[in-house]
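Novice: Chain residues, written in single-letter form:
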Amino acid sequence: MARLNVNPTRMELSKLKKKLVSAQRGHKLLKDKRDELMRQFMALIKENRQLRTEVEAAISEAGRYMAVAGSVMQSEVLETALMMPKQEVELEVGEKNVMSVYIPVFSPKFKSADTSDIYSYGTAFTSTDLDGAVSALSEVFPKMIRLAEIEKACQLMADEIEKTRRRVNALEHIMIPDYQETIKFITMKLSENERSTTTSLMKVKDMVLNKNHNFS
Amino acid sequence: MSELYKTAVIGDTASVSGFAALGLSVFCETAPERIAKLIDRLAASDFAVIYITEPAAALVSDTIKKYRSSKLPAIVLIPAVEGNTGDGMRALHESVEKAVGSDILN
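Protein chains in written order, with our numbering: chain A, 14 to 229; chain B, 1233 to 1338.
One or more hints might be untrue.
To be verified - Derived pair list, reagent style DSS-like, types lysine-lysine, alpha-carbon separation capped at 25 Å:
1) B:Lys1269 <-> A:Lys59
2) B:Lys1298 <-> A:Lys109
3) B:Lys1238 <-> A:Lys44
4) A:Lys109 <-> B:Lys1330
5) B:Lys1269 <-> A:Lys109
6) B:Lys1297 <-> A:Lys176
7) A:Lys122 <-> B:Lys1238
8) A:Lys176 <-> A:Lys122
9) B:Lys1298 <-> B:Lys1269
10) A:Lys41 <-> B:Lys1330
11) B:Lys1330 <-> A:Lys122
12) B:Lys1238 <-> A:Lys156
13) A:Lys176 <-> B:Lys1269
14) A:Lys124 <-> A:Lys59
15) A:Lys124 <-> B:Lys1238
16) B:Lys1303 <-> A:Lys202
17) A:Lys124 <-> A:Lys176
18) A:Lys176 <-> B:Lys1298
19) A:Lys176 <-> B:Lys1330
20) B:Lys1330 <-> A:Lys46
21) A:Lys156 <-> B:Lys1303
22) B:Lys1297 <-> A:Lys109
23) A:Lys59 <-> B:Lys1303
24) B:Lys1330 <-> A:Lys59
25) B:Lys1303 <-> A:Lys176
26) A:Lys46 <-> B:Lys1269
It is worth saying that the hints were derived from the structure and are not from the lab.
Just chain A, with the same shape it has in the complex (with noise of 0.2 Å):
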């Protein structure tokens, strides 16, 4: 461990005492974040990944209700049917602070409230698998709000336990050695000054005795 380049004086020694304390405490504080980031990282993990199958599932259903459609429907048919949307979606976006973390939240907000109400197109010219696919995605379409939520959520965490993990290391192994060994060289400097203050003291008081009244 390096030591710090101080002056060994009682200024350095208090100033450095004061900052050992804060630097134990921060990395107190910071383990605890971690922890707790870590753990709700773990379930959000896990939601995720469940969210995400599902979520890949549904939507290579309505791949595969599309591409039977593609393959009855003319192309310009099928892109006429799809062109103008009845529904139309926005997003509402808030944000919720989990550690010091912001992550977004997500809350949809369909112009029709009514689900059966998607369909942008006259069932006369249009293949069933067409209605199949637009349901099913229609259907998942919440979940993937979710999943886009969580996701992001993850990645932010992942970033801040990366961060936070750092930097318990740092204060860890690197800061509070450095400053308890400093610490540590000052006192012994300190007091090794007062012990050869001390000895030339009683060295000089001895002379002094000597001429004076020629003892011993």
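Let chain A serve as the given structure and place chain B on it in line with the hints.
Specialist: For chain B alone, kept in the frame of chain A given last:
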């Protein structure tokens, strides 16, 4: 802050056209530089969530990485019509590895 934001879907025509019926903004792009530009443009305007198909995302992984640590937009990988490549799940594992230090999901 509770402004209203929009949602976008990027990918090849077959994979994303179904989302148009839900009222999402659909963009059919397959050229890498155009997708990258599109993502930058959407991120700068009022899009909160961008769904992108896995093959399209594979072409612009640098751009996606750029938005990883910013709060908005959330870029989410979805499987394309030709099947699931597992890239979305892999991104999840990367997050775990970053946070924990090793991939503990397996």
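Novice: What are the numbers of the hints the structure violates, in ascending order?
Specialist: Hints 1, 3, 5, 8, 11, 13, 14, 16, 17, 26 not satisfied by this model.
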